[in-house]
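Enquirer: Here the structure of chain A is known, so what remains is to put chain B in place on it, guided by the hints.
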Amino acid sequence: MISGADISIRGLSRSYEGRKVLQDINLDIPAGQFVSILGTSGVGKSTLLKILAGVETPTCGDAWASGTKTKPTVRIMFQEDRLLAWRTVLGNVTLGLRHGEPNAMRMLDAVGLAGREHAFPVVLSGGQRQRVALARALVHEPNVLLLDEPFGALDAITRSSMHILLQGLLDHAPRTVLLVTHDVDEALILSDRVLVLTASGIAADITVDVARPRHHSQLAEKKDYLLGLLSGTGTTAQFAQSH
Amino acid sequence: MTIDVVLREDVSRRTQGESDSVSPRLDGQGFNLVQHSSRTPANRRSVPGVLYGRTVLPWVLPAMAVLLWYSVTVSGYVSPNILPSPLTVLTTAQALWSAGTLQRDILVSLGRIAFGFALGASTGFVLGIAVGISSVARLVFDRSVQMIRTIPHLALVPLMILWFGIGEQPKVLLVALGALFPVYINTASGIRNVDPKLIEVGRAYGLSQREIITQIVLPAALQPILVGVRYALGVAWLTLVVAETIASREGIGYLVQNARELLRTDIIILAIILYSIAGWLADWLIRILESRLLRWHPNYAPGANK
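So the sequences go chain by chain: A and B.
Sequential numbering from 815 applies to the first sequence in this note's numbering.
Sequential numbering from 117 applies to the second sequence in this note's numbering.
With the rest of the complex left out, here is chain A (with noise of 0.2 angstroms):
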């Protein structure tokens, strides 16, 4: 049985030239809590990301995952699918997988995408590419699954469908996840605990105990403390652009 992992961070900090992204952040997230972490551009969400994926190191601090018996597996999803042109939709998900051809093909089944497996990335429409992206991430059977803004690029209404069946898919198999994102309404929708960065550091941590299926109506209350949050922080543009 797949089951998540817990993640440590403490005192995580990363600058760029002088330039500081992610400050003295500490946080512990429980196995197989869902988070969404909410914040205006450039206060370093998908830096702490790329950190836990392993593709970036921090300037100091320390991030770690563990709770399982072997190794954490992790693994990330991003804005862009970031598929290999060059390789079929089933040589995607396949991608650093040893002899994983029969766990591909079954994910593609879950995603919705059989019987497209030798189709080349260039043919899918964006929610398809989007479906293939998170099939090569899941068939890892990751403990840590981060999505850096993954249906950021997507239409409403490709996004509330990949919304479902992500929800879904973790049903299933629960794991930890971190989302990062813009929309207030896709972390209340999704997670079980949202928090707000900023460039000085995590400015609020909320748990949304609200059953699902949530509906937006349940979620007015946290969305208004959310918005308001973020609106003084100094950039509502971005924010108000999805109302």
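Derived by calculation from the structure, the hints in this document are not laboratory data.
Here the structure is a predicted model, which is why all the values come from computation and not from measurement.
Ideal placement from N, C-alpha and C gives every residue a C-beta, glycine not left out.
Errors might be hidden in some of the hints.
Unchecked claim - Label pairs and their calculated CB-CB ranges:
#1 T330(B) x T873(A): 44 to 52 angstroms
#2 E915(A) x F280(B): 47 to 55 angstroms
#3 W400(B) x V936(A): 22 to 30 angstroms
#4 R326(B) x A899(A): 20 to 28 angstroms
#5 T239(B) x D1019(A): 32 to 40 angstroms
#6 K885(A) x W396(B): 56 to 64 angstroms
#7 W878(A) x I267(B): 28 to 36 angstroms
Expert: Only chain B this time, still in chain A's reference frame:
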């Protein structure tokens, strides 16, 4: 109102194949929009018609050129000593073939091009990979290679003859030198232009350094590399012609050289035709390679217009 609908439909068609979502149907209304909306390549002409056009059209100009050539020679407008007729050239080809010299010369030239090109292109490829991947290799090699590249390699012909005589080495080496740089430059820059985001995917998905190079970097750079190969092949032919014409005892270039001394215009023209057929065949081979290796690429996919 109607124009607005048409425009939106047009836009939805152009956005990455998602046209299956919404496409307003306007049949039964007063405006004839069907003409406009059915302007997809498949509908424009029947399939056999397109195939026919694709097979026949490229041959129209060459056929006209041969016809023109034939008519000016047959009419006596141009003296046969200046320009022999196509039939004379054909007869000459037959005569040389039955004497056995034509096929020998062709084989010798093909051998030189094959050896020289293989040597030059593979060196350029390996060097290009090294320079594209490693910054140390770039610092060591790039400046020197770029400096050598600026020397017109045909200027080395006299030196090569002095060093190696008129045997096979100078020709093969010159062809190799001509083929090296296009492959080198395109490989190195193709690799350096690979989207770093894709390499990041490889790292995030646990690929080793070698797997990142073979599974991500090289396939991503394949298109510019093949452009380099195609260009290199052209340069290789050019080099061969010059090298063979200057110093040779066999090969198509020797055929030309000999014919010039004997004032045999027909043989010279035959050699030129042979060179052009060989060049065209080489290009055709590369294009087959491209359509195989790049079939994932929108510009090279089966059915894409070339």
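Enquirer: Does each hint fit the structure? Answer for all of them.
Expert: How the hints compare with the structure:
1. T330(B) x T873(A): 44 to 52 angstroms: Distance hint for T330(B), T873(A) is violated at roughly 32 angstroms.
2. E915(A) x F280(B): 47 to 55 angstroms: Because 54 angstroms falls inside the window, the suggested range holds.
3. W400(B) x V936(A): 22 to 30 angstroms: 25 angstroms, holds
4. R326(B) x A899(A): 20 to 28 angstroms: About 21 angstroms separates the Cβ atoms of R326(B) and A899(A), which means 20 to 28 angstroms holds.
5. T239(B) x D1019(A): 32 to 40 angstroms: The hinted range 32 to 40 angstroms is violated for T239(B) and D1019(A), with Cβ atoms some 60 angstroms apart.
6. K885(A) x W396(B): 56 to 64 angstroms: This hint holds: roughly 57 angstroms between Cβ atoms.
7. W878(A) x I267(B): 28 to 36 angstroms: Roughly 57 angstroms apart at Cβ, these two residues miss the hinted range, so it is violated.
Going down the numbered hints, you'll see the structure goes against 1, 5 and 7, while the others check out.
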